[in-house]
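Colleague: Given the structure of chain R, go ahead and fit chain W onto it with the hints provided.
Each chain is listed here by its residues.
2 protein chains.
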Amino acid sequence: MKLTAIKEAAVPIKSDIRNAFIDFSQMTTSVVKIETDVVRAGKKFVGYGFNSNGRYAQRCSLQERFIPRLLAAPPEALLNDEGTNFDPFKAWDTMMKNEKPGGHGERSVAVGAIDMALWDVVAKIAEKPLYQVLAERFNHNQADRDVFVYAAGGYYYPEKDKAALCAEMKTYLDMGYNTVKIKIGGVSLDEDLARIEAVLELLDSNQSLAVDANGRFDLKTAVRYLEALEAYPLFWYEEPCDPLDYLLNAAVSAESRLPIATGENIFSLIDAKNLIRYGGLRPEKDYLQFDPALSYGLVEYIRILEMLNEHGWSWKRCIPHGGHQLTLHIAAGLGLGGNESYPHVFKPFGGFGDKAEIVEGKIKVSDQPGIGFELKSELMECFDQSF
Amino acid sequence: MKLTAIKEAAVPIKSDIRNAFIDFSQMTTSVVKIETDVVRAGKKFVGYGFNSNGRYAQRCSLQERFIPRLLAAPPEALLNDEGTNFDPFKAWDTMMKNEKPGGHGERSVAVGAIDMALWDVVAKIAEKPLYQVLAERFNHNQADRDVFVYAAGGYYYPEKDKAALCAEMKTYLDMGYNTVKIKIGGVSLDEDLARIEAVLELLDSNQSLAVDANGRFDLKTAVRYLEALEAYPLFWYEEPCDPLDYLLNAAVSAESRLPIATGENIFSLIDAKNLIRYGGLRPEKDYLQFDPALSYGLVEYIRILEMLNEHGWSWKRCIPHGGHQLTLHIAAGLGLGGNESYPHVFKPFGGFGDKAEIVEGKIKVSDQPGIGFELKSELMECFDQSF
Chain R
0 MKLTAIKEAA VPIKSDIRNA FIDFSQMTTS VVKIETDVVR AGKKFVGYGF
50 NSNGRYAQRC SLQERFIPRL LAAPPEALLN DEGTNFDPFK AWDTMMKNEK
100 PGGHGERSVA VGAIDMALWD VVAKIAEKPL YQVLAERFNH NQADRDVFVY
150 AAGGYYYPEK DKAALCAEMK TYLDMGYNTV KIKIGGVSLD EDLARIEAVL
200 ELLDSNQSLA VDANGRFDLK TAVRYLEALE AYPLFWYEEP CDPLDYLLNA
250 AVSAESRLPI ATGENIFSLI DAKNLIRYGG LRPEKDYLQF DPALSYGLVE
300 YIRILEMLNE HGWSWKRCIP HGGHQLTLHI AAGLGLGGNE SYPHVFKPFG
350 GFGDKAEIVE GKIKVSDQPG IGFELKSELM ECFDQSF
Chain W
0 MKLTAIKEAA VPIKSDIRNA FIDFSQMTTS VVKIETDVVR AGKKFVGYGF
50 NSNGRYAQRC SLQERFIPRL LAAPPEALLN DEGTNFDPFK AWDTMMKNEK
100 PGGHGERSVA VGAIDMALWD VVAKIAEKPL YQVLAERFNH NQADRDVFVY
150 AAGGYYYPEK DKAALCAEMK TYLDMGYNTV KIKIGGVSLD EDLARIEAVL
200 ELLDSNQSLA VDANGRFDLK TAVRYLEALE AYPLFWYEEP CDPLDYLLNA
250 AVSAESRLPI ATGENIFSLI DAKNLIRYGG LRPEKDYLQF DPALSYGLVE
300 YIRILEMLNE HGWSWKRCIP HGGHQLTLHI AAGLGLGGNE SYPHVFKPFG
350 GFGDKAEIVE GKIKVSDQPG IGFELKSELM ECFDQSF
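So the protein lines, in turn, are chains R and W. Per numbering that gives the first Met the number 0, the first sequence starts with residue 0, numbered consecutively. Per numbering that gives the first Met the number 0, the second sequence starts with residue 0, numbered consecutively.
Hints are not guaranteed to be accurate.
Remember, identical chains collapse to one label, so a pair may be satisfied in a single copy or spanning two.
Below, a list of computed lysine-lysine pairs in the DSS-like style, where the Cα atoms sit at most 27 Å apart [to be verified]:
{"#": "1", "residue 1": "Lys13", "residue 2": "Lys89"}
{"#": "2", "residue 1": "Lys284", "residue 2": "Lys363"}
{"#": "3", "residue 1": "Lys346", "residue 2": "Lys99"}
{"#": "4", "residue 1": "Lys96", "residue 2": "Lys13"}
{"#": "5", "residue 1": "Lys219", "residue 2": "Lys89"}
{"#": "6", "residue 1": "Lys89", "residue 2": "Lys42"}
No lab work stands behind these hints: they were computed from the structure. Since this is a predicted model, take the numbers as computed values, not measurements.
Just chain R, same shape as in the assembly (with noise of 0.2 Å):
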């Protein structure tokens, strides 16, 4: 049992969309296929994999360092103790060999893209769907199918007014999703509050809003536009400040009556313990959403979902970033909080299968073999171009 082959593309994710800190005219991610040499029914098994959004495909690192790591191991290396399927974990530790510490970005993310396509061979290869082996193996078999899920968008756009910004939320609400999230932070305050006011008019009492300023502001902003936000009834305030400034993200959560909402752009074990060390976040009100496609995949999240054990932070606080089918089964087989939706951006990657129905908000996730990439005929026919 063994990888035969590792392959690695670029594609574009590119669009007119921006949010407060970036925009995504050149936007690219990495796609990945594993080939193994493993054969049931005169079929071989595969897996994809990819990253998430905004943080650019990561082509020469895949090429030059983890893929040939993989592929140079002896079998066994890759392989769990009765040989019957492939270990993600023991892979991990191949690819991260002649890895110092520190610096955890760029590389977390060509990790993570390998990553899931591991996992979709190991499932498949299990003959289960992914939720299944997670809730088996970390979970004391308990899953839940029904996933939380909430439509992120409402990004500025060149000539978007407040009409079709409403027009956008609207479609989400009725595709069933009962909550939807806005970017903030890209123009000014007052326009901004003008943007959730206009998309709260479309809200019924069980639905609700969330707004992310993608990290863009210092305090002061921060903290004005805490001032301003409080007099809604947001679901959360993503984002406020640096990601990496535990401090003011402290400051801002010691004082905020909305729950904060961080992590996207937090990118390892060590990022993420730090997280929950000083950054003051509050464990039954705020959010995490860390995502293992950009973070050295379900492997290192795993060992991040021990460490909020350690710390006293329930599982069900997490609702990755990502908006992929993959953390929607880490979602239902480990009890994560929801997951993150793209129902218009970031295609062919945001989103979940072609048959898959919102219903009060919350997606079933496929019981297909593997993540469920086979369901999704725009993604394998990205898939089966870049390959």
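Modeller: The following block gives chain W in isolation, referenced to the frame of chain R:
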């Protein structure tokens, strides 16, 4: 006045050496050449840069993100207000457009390599050695050309016994270094202590030995080593634990009678600020090794130095990792505590000009306009072959 081309290449610096964390069997580094349309005496000004050892070359992010942004910018976006020279701070803002916060690694190395080449050009156009440019702009025109340097080596080699280690150290002492550094943590504690004692035997009372654990230890091992190391008059105990584990670092520092040195795996202003805020280092005793050629360049390093001021740290506590001429100029022009040097490894990137001499543990920084790479024939040969 504009940049006409920015070229990059990857150069192998692999060797048999290893430290406690990685081996260098596949190590590479990026080299950069900036060409301009600035002509004087019939010669066009060019600048060279590279990244320090340990973090691999960064071809893709250079080719796809940072170089295109600089070349696409209108020329005035990269010039000082007078239009008389390039402005590395403005160039930095241009390079980092559309880059999300957090995740400071890899790209910090790519930007560092370009930044080095920019400052080389800037100083050449100013017809001054870089240390003088820096002293004038940031240090009230005070400079000290004589810079303390220590010889870093003592890696673990296959088949290398204590005799070979001592022979290596002796060559450094014969060159004029009075402080040498060896690796620890890659063999048993007893074996490391034997290595330390062997080297200490070589030293006279004006000479000293530092040890470097490369972030390998957990708390128990870091403390076990600390207890043993405190018996010796060591110059410092470097990176006892994970460089981002501020809490662990603070625990070890709180009890250490030896100076602690750290920072080579800290790659941004916010990461450095967090180290100062949470890492428990002692401003009158410990050393900071932030390396601009891995950490978004001298532009970011100047921001780090300003942050250190704000936190009551003297710049004399800074002895950067990297062993290159850029940090030699920074040390001379901004009054740092000194600079690392690698007399025998990472050639041709470690070390100084061909004619540079170590006198009583100090080296005189060159007076050549720019950073002075032209004084280092092996390095120029490498650049000429690369581009």
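Colleague: Against each hint, give a clear statement of whether it holds in the structure.
Modeller: Evaluated hints:
no., hint, result
1, Lys13 / Lys89, "between (34 Å within a copy, 25 Å between copies)"
2, Lys284 / Lys363, "within (25 Å within a copy, 58 Å between copies)"
3, Lys346 / Lys99, "between (34 Å within a copy, 20 Å between copies)"
4, Lys96 / Lys13, "between (33 Å within a copy, 15 Å between copies)"
5, Lys219 / Lys89, "between (46 Å within a copy, 25 Å between copies)"
6, Lys89 / Lys42, "within (25 Å within a copy, 55 Å between copies)"
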